[in-house]
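2 protein chains.
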Amino acid sequence: MNAIEELADSFSRLPGIGKKSAMRISYHLLNEDPAFLSQFARELTTLHQRIKRCSVCGAYTETDPCAICSDLLRDRSLLCVVEQPQDVMTIDASHEFRGLFHVLGGVIAPLEGIGPTQLSIGRLVERVKEGEIKEVIIATNPTVEGDTTALYIQRILAPTGVTVSRLASGLPVGGDLEYADKLTLARSFRGRITY
Amino acid sequence: MNAIEELADSFSRLPGIGKKSAMRISYHLLNEDPAFLSQFARELTTLHQRIKRCSVCGAYTETDPCAICSDLLRDRSLLCVVEQPQDVMTIDASHEFRGLFHVLGGVIAPLEGIGPTQLSIGRLVERVKEGEIKEVIIATNPTVEGDTTALYIQRILAPTGVTVSRLASGLPVGGDLEYADKLTLARSFRGRITY
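As they're listed, the protein sequences go chains A and B. Everything in the first sequence is counted per my numbering, starting at 1 for the first residue and increasing by one. Everything in the second sequence is counted per my numbering, starting at 1 for the first residue and increasing by one.
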């Protein structure tokens, strides 16, 4: 295996890149500026050193606590609970939510041996008990595991008296009824809004 | 911009990788083994040092002359002329051709200011004049520029008496007539084979 094939092999280990694209990218890099290749390489090797998990919310961050947790202008009475660290960036980029986050680190999945204790649910309860939070918005994915986890959190938070809500699920905006699957359609009926 | 975004930015500079895939890949790499990241980075930084162009045929190689040019079992009477160094690997991987190669380094494209002198055509004529080659198979792409270049090479090699041929072009195997474009269809008519 030569240097081009070795590099292509590494690229094809990445999600969404097949063998052909990997070769195409490697050939492309042969004609790229060596300075770009060095910078790219440096970004790869320093990624793990630079990116940590925030000790408060669990999001990926370079500073601890993260920029969101330490932003005093955000609404500290709202807490959005997500599955993965990358979900924080997705929601924050939408500018729809100006509260704080809490990363569970996964969902309850008994078949994979993941129970509530493997998730950061105990820490979530602690944060709620500190008293500043008025509403917990559960933004786990609309899957069986995401729904189960949401239900579990709703029950475990019930004694604290905090409001617990769940992101609406239904037809995606700009989508077409024709292409909606049965489960999504069923959800959009159950969650319909009366004018 | 944090480390994840910087890395995603580099990935999105590569062909076929959009902003979303680039972010997805970067998050994926956060959960990858740091040893893989170091190896990947090393492959990127050493690429230009390890890969040279073969001084005989112009293909990408780690040794000079390349493995194909120095393989004594190959048919030295056949020479396949291609546009780009990567075309050598594509054709060689098909195992359809066991002769030698010659990389032009492009095609004649007057609009982009590329004439025959910018391509390795003089060197091609020299190689043919050495006398060992019996047939030159032109494998430039079936585009206007590729055809022009093929025609030019055929004319410039005519005085040497060597056989000059061109790869057949027509319907792709496994393709469907319905999806064939007009030009491809026209070619497949002109190049039809009588039983």
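I should point out that these hints are in silico values taken from the structure, not numbers from a laboratory. Note that CB positions come from ideal geometry on N, CA and C, so glycine has one too. There's no promise every hint is true.
Said to hold, decoys possible - Just a sample of chain B residues kept apart from chain A, beta carbon distances all over 12 angstroms, derived: (1) 7; (2) 33; (3) 56; (4) 65; (5) 143; (6) 181.
What the hints assert, rightly or not - Cβ-Cβ distance ranges computed for the label pairs, FRET-style: (7) A:42 x B:76: 42 to 48 angstroms; (8) B:191 x A:12: 32 to 38 angstroms; (9) B:32 x A:190: 37 to 43 angstroms.
Structure versus earlier hints, numbers of those that do not hold, lowest first: Hint check: 1 and 2 fail, others pass.
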